[in-house]
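> Spelled out from the first residue to the last, the chains are:
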Amino acid sequence: MTTTPQAVRRASPRTRRPATPVAPEPTAGLLPQAEPVRLLDPDGTPLPPRADLPAPPVEALREMYRRMVVGRRFDAQATALTKQGRLAVYPSSRGQEACQVGAVLALRDDDWVFPTYRESMALTARGIDPVEVLTLLRGDGHCGYDPTVVRTAPQCTPLATQCVHAAGLAYGESYQGRDTVALAFIGDGATSEGDFHEGLNFAAVFKAPVVYFVQNNKYAISVPLSRQTAAPSLAYKGVGYGVPSEQVDGNDPVAVLAVLTRAVAHARAGHGPYLVEAHTYRMEAHTNADDASRYRDPDEVEAWRDRDPVARLEAYLRGRGELDDAAVAQVAAEAEEYAADLRTRMNAQPVVDPLSLFDHVFAEPTPQLVEQREMVRAELAADAEGDA
Amino acid sequence: MATMTMAKALNAALADAMLDDERVLVFGEDVGQLGGVFRITDGLQARFGDKRCFDTPLAEAGIVGFAVGLAMSGLRPVVEMQFDAFAYPAFEQIASHVAKLRNRTRGALSVPMVIRVPYAGGIGGVEHHCDSSEAYYAHTPGLKVVTPATVEDAYSLLREAIADPDPVVFLEPKKLYFASADAQLPARTAPFGRAVVRRPGTDATLVAYGPAVPVALEAAEAAREEGWDLEVVDVRTIVPFDDATVTASVRRTGRCLVVTEAQGFAGVGAEIAARVQERCFHALHAPVLRVAGLDIPYPAPMLEHIHLPGVDRVLDTVARLQWDDRPDPRWLAQGSAA
Ligand SMILES: Cc1ncc(C[n+]2csc(CCOP(=O)(O)OP(=O)(O)O)c2C)c(N)n1
Ligand SMILES: [Mg+2]
Numbered sequence: 001m002t003t004t005p006q007a008v009r010r011a012s013p014r015t016r017r018p019a020t021p022v023a024p025e026p027t028a029g030l031l032p033q034a035e036p037v038r039l040l041d042p043d044g045t046p047l048p049p050r051a052d053l054p055a056p057p058v059e060a061l062r063e064m065y066r067r068m069v070v071g072r073r074f075d076a077q078a079t080a081l082t083k084q085g086r087l088a089v090y091p092s093s094r095g096q097e098a099c100q101v102g103a104v105l106a107l108r109d110d111d112w113v114f115p116t117y118r119e120s121m122a123l124t125a126r127g128i129d130p131v132e133v134l135t136l137l138r139g140d141g142h143c144g145y146d147p148t149v150v151r152t153a154p155q156c157t158p159l160a161t162q163c164v165h166a167a168g169l170a171y172g173e174s175y176q177g178r179d180t181v182a183l184a185f186i187g188d189g190a191t192s193e194g195d196f197h198e199g200l201n202f203a204a205v206f207k208a209p210v211v212y213f214v215q216n217n218k219y220a221i222s223v224p225l226s227r228q229t230a231a232p233s234l235a236y237k238g239v240g241y242g243v244p245s246e247q248v249d250g251n252d253p254v255a256v257l258a259v260l261t262r263a264v265a266h267a268r269a270g271h272g273p274y275l276v277e278a279h280t281y282r283m284e285a286h287t288n289a290d291d292a293s294r295y296r297d298p299d300e301v302e303a304w305r306d307r308d309p310v311a312r313l314e315a316y317l318r319g320r321g322e323l324d325d326a327a328v329a330q331v332a333a334e335a336e337e338y339a340a341d342l343r344t345r346m347n348a349q350p351v352v353d354p355l356s357l358f359d360h361v362f363a364e365p366t367p368q369l370v371e372q373r374e375m376v377r378a379e380l381a382a383d384a385e386g387d388a
Numbered sequence: 001m002a003t004m005t006m007a008k009a010l011n012a013a014l015a016d017a018m019l020d021d022e023r024v025l026v027f028g029e030d031v032g033q034l035g036g037v038f039r040i041t042d043g044l045q046a047r048f049g050d051k052r053c054f055d056t057p058l059a060e061a062g063i064v065g066f067a068v069g070l071a072m073s074g075l076r077p078v079v080e081m082q083f084d085a086f087a088y089p090a091f092e093q094i095a096s097h098v099a100k101l102r103n104r105t106r107g108a109l110s111v112p113m114v115i116r117v118p119y120a121g122g123i124g125g126v127e128h129h130c131d132s133s134e135a136y137y138a139h140t141p142g143l144k145v146v147t148p149a150t151v152e153d154a155y156s157l158l159r160e161a162i163a164d165p166d167p168v169v170f171l172e173p174k175k176l177y178f179a180s181a182d183a184q185l186p187a188r189t190a191p192f193g194r195a196v197v198r199r200p201g202t203d204a205t206l207v208a209y210g211p212a213v214p215v216a217l218e219a220a221e222a223a224r225e226e227g228w229d230l231e232v233v234d235v236r237t238i239v240p241f242d243d244a245t246v247t248a249s250v251r252r253t254g255r256c257l258v259v260t261e262a263q264g265f266a267g268v269g270a271e272i273a274a275r276v277q278e279r280c281f282h283a284l285h286a287p288v289l290r291v292a293g294l295d296i297p298y299p300a301p302m303l304e305h306i307h308l309p310g311v312d313r314v315l316d317t318v319a320r321l322q323w324d325d326r327p328d329p330r331w332l333a334q335g336s337a338a
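Chains as they are written, first to last, in full-length UniProt numbering: chain A, 1 to 388; chain B, 1 to 338.
None of these hints come from the bench; they were simulated from the model. The structure presented is a predicted model; accordingly, all values stated were derived computationally and were not measured. Note that beta-carbon positions come from the ideal geometry of N, C-alpha and C, so glycine has one too. It cannot be assumed that every hint is accurate.
[Said to hold, decoys possible] Part of the chain A face toward chain B, derived, beta carbon under 10 Å:
hint : residue
1    : Gly141
2    : Ala166
3    : Val223
4    : Ser226
5    : Ala292
6    : Tyr295
7    : Gln368
[To be verified] Pair ranges (Cβ atoms, derived):
hint : chain 1 : residue 1 : chain 2 : residue 2 : range
8    : B       : Gln184    : A       : Gln372    : 34 to 40 Å
9    : B       : Ala266    : A       : Glu300    : 45 to 51 Å
10   : B       : Pro165    : A       : Ala265    : 32 to 38 Å
11   : A       : Gly194    : B       : Leu294    : 31 to 37 Å
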């Protein structure tokens, strides 16, 4: 076969090299790694360290372990309280401890958290009184804590709506010269809601310091992830909005804390929002009222037991000589104490004041509310007289 | 005194509020450089900079949800929905968060904000640009719902809305934007929760708000020829509602007609009629009647004049307020058919 001199020239590497360097891909730095970031094997064996991702300090990991153990015990206690009729309903986050605790550990106390109903464990890990956290689910109020004090929005049930609040709050804080970061939790199913996308887009356009943290626990009540998206992973939803994104093994506590710490630093440094998808698994049913056997195979759940985040961190810390039997027993005892205290306090019947129904509808009640309040007051007085 | 349009008065109210309170941020779709499709935010970006008045992505839930977060951080958002029907994507944010956050947090977290909505018809707009959406908001506890009918009220009510500790849905009657009147700004008219007698009269009370107020006033003027002296009450703030002024008027006149541009079924007019009837029964010489838009999706421009309550329909209904002590034959016919 003969070739013309021209063709030879065109094929030569020297002429193919462009005169100016190629501009980086417009998606550079936006796309997640092809595989979820992992720093520990499922059995707790450390994987080779990564230059781009500093490992969290070991004190932080010991603290993470402590809060995960206490958190898991809290979660079990809350589920038990539903059986005793003390809670109307409880959505468990068992199996998601690394995500629940890692997220709050990555934040400062003056940062803001925008949780969903799933985040009771995260909120207790943040130091909020568990009785106040459970107010919503006990049914004596909608939100037991003062959001302005604990810098935590009320637990949000209208799916994904909190994503835009986080963008607004974070932008408002930076507008006023404060370096607050907002972290919004969201589930895999809720990423299909419009407000997730509007939140990402607003945060990106306004460069708001928000971390969107998707806990992909594989189900939205009964609906599997395959019905929510055809994307390679939910972390790919950031690139379309110009938001850098990462995916992480959500049952690897070290990786979760490392990735979220980097995301928070990115936001705080003024680079705008960051999206993190954690691959995890909801070990319990959607709530105590749900029957997961109707839609998932018990073998699937069994397989995830081998990837337990608490055991994984314990094994890792033991391997490093940072945890021994005595320390493990001490944390377990603390968790028992925490649960016992919660049990006792939840056994007390909460006091509810019917007339408080009319408080805080508006800053000042309307004349119509004053009238209705009077009606209820009279009804109660008549009831009390009837009882007497 | 100067002659000015309602649009100008609203613009002045925004500018004065931004001047007085640096926490006030104005944003929405096309509100920046363009000044809004109705020019209500005209010049604000040039005057206050693009951090105080700015365009957002095209997403109404995003706009209102963003405002929730800004209010949580201590700012005072004033957002514009471009048109009534295009506020519907934001309804979840409005109903589930804006209206409820104070209550859900037992007063710990309030989200004062103003959601400005150009609303109602009469401008020959194509579909989705003319809805009377007040009932959705008024039916949502936790929202104040305000709608001006005069130029001075537009200024005063908007200033009060921005200063109010609660979220306010501020409904601006599009067809009144470019109607002008003598006005002295900065005006301070009656506060929230106060209805106003726009025209005193002795024979019957017409209760109206927003775009229906000029119709009611025109009808009252025309009614003089028929020998009726009609009083017109402008509700101004649908929430909080001023029962006292409305019932005092009806007790005086003994007859009441509620005029709304919105479709009547399950609407604010129905609520007002029920409240009047509950409070004025013994003073009434006739059932409380309503004149409302038809119970149809807002019609195409060439037919909107049939839909909108006009002076003739108002006067025809006034005629049915049992002036000669005989019951309306229509009620009797219906009764016998049943
Ligand atoms: C707007 C809205 N639609 C429906 C629901 C009912 N709902 C509550 S939780 C849930 C599933 C959400 O799944 P996901 O986002 O994956 O979060 P997870 O519960 O798994 O933590 C649904 C459909 C809701 N709360 N809000
Ligand atoms: Mg899920």
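> State for each hint whether it applies.
Hint check:
Checking A/Gly141 against chain B by beta carbon gives a least distance of about 7 Å; that is within 10 Å, so the hint holds. Checking A/Ala166 against chain B by beta carbon gives a least distance of about 6 Å; that is within 10 Å, so the hint holds. Among the interface hints, the one on A/Val223 is violated; its C-beta lies about 20 Å from the nearest C-beta in chain B, farther than the 10 Å criterion. Below 10 Å, beta-carbon pairs count as interface contacts, and A/Ser226 has none with chain B, the closest being about 26 Å; its hint is therefore violated.
Restraint check, A/Ala292 versus chain B: the minimum CB separation of about 27 Å is more than 10 Å; hint violated. Interface restraint check: A/Tyr295 against chain B, minimum CB-CB distance 27 Å, threshold 10 Å, status violated. Evaluation of the A/Gln368 hint against chain B yields a held restraint, the C-beta minimum of about 7 Å falling below 10 Å. One distance hint, 34 to 40 Å for the beta-carbon pair B/Gln184 and A/Gln372, holds here, with the actual separation near 39 Å.
Remark: the range hint 45 to 51 Å for B/Ala266 to A/Glu300 is upheld by a beta-carbon distance near 48 Å. Range check, B/Pro165 to A/Ala265: Cβ separation about 37 Å, and the 32 to 38 Å hint holds. Remark: the range hint 31 to 37 Å for A/Gly194 to B/Leu294 is upheld by a beta-carbon distance near 32 Å.
Of the numbered hints stated above, those contradicted by the structure are hints 3, 4, 5 and 6, listed in ascending order.
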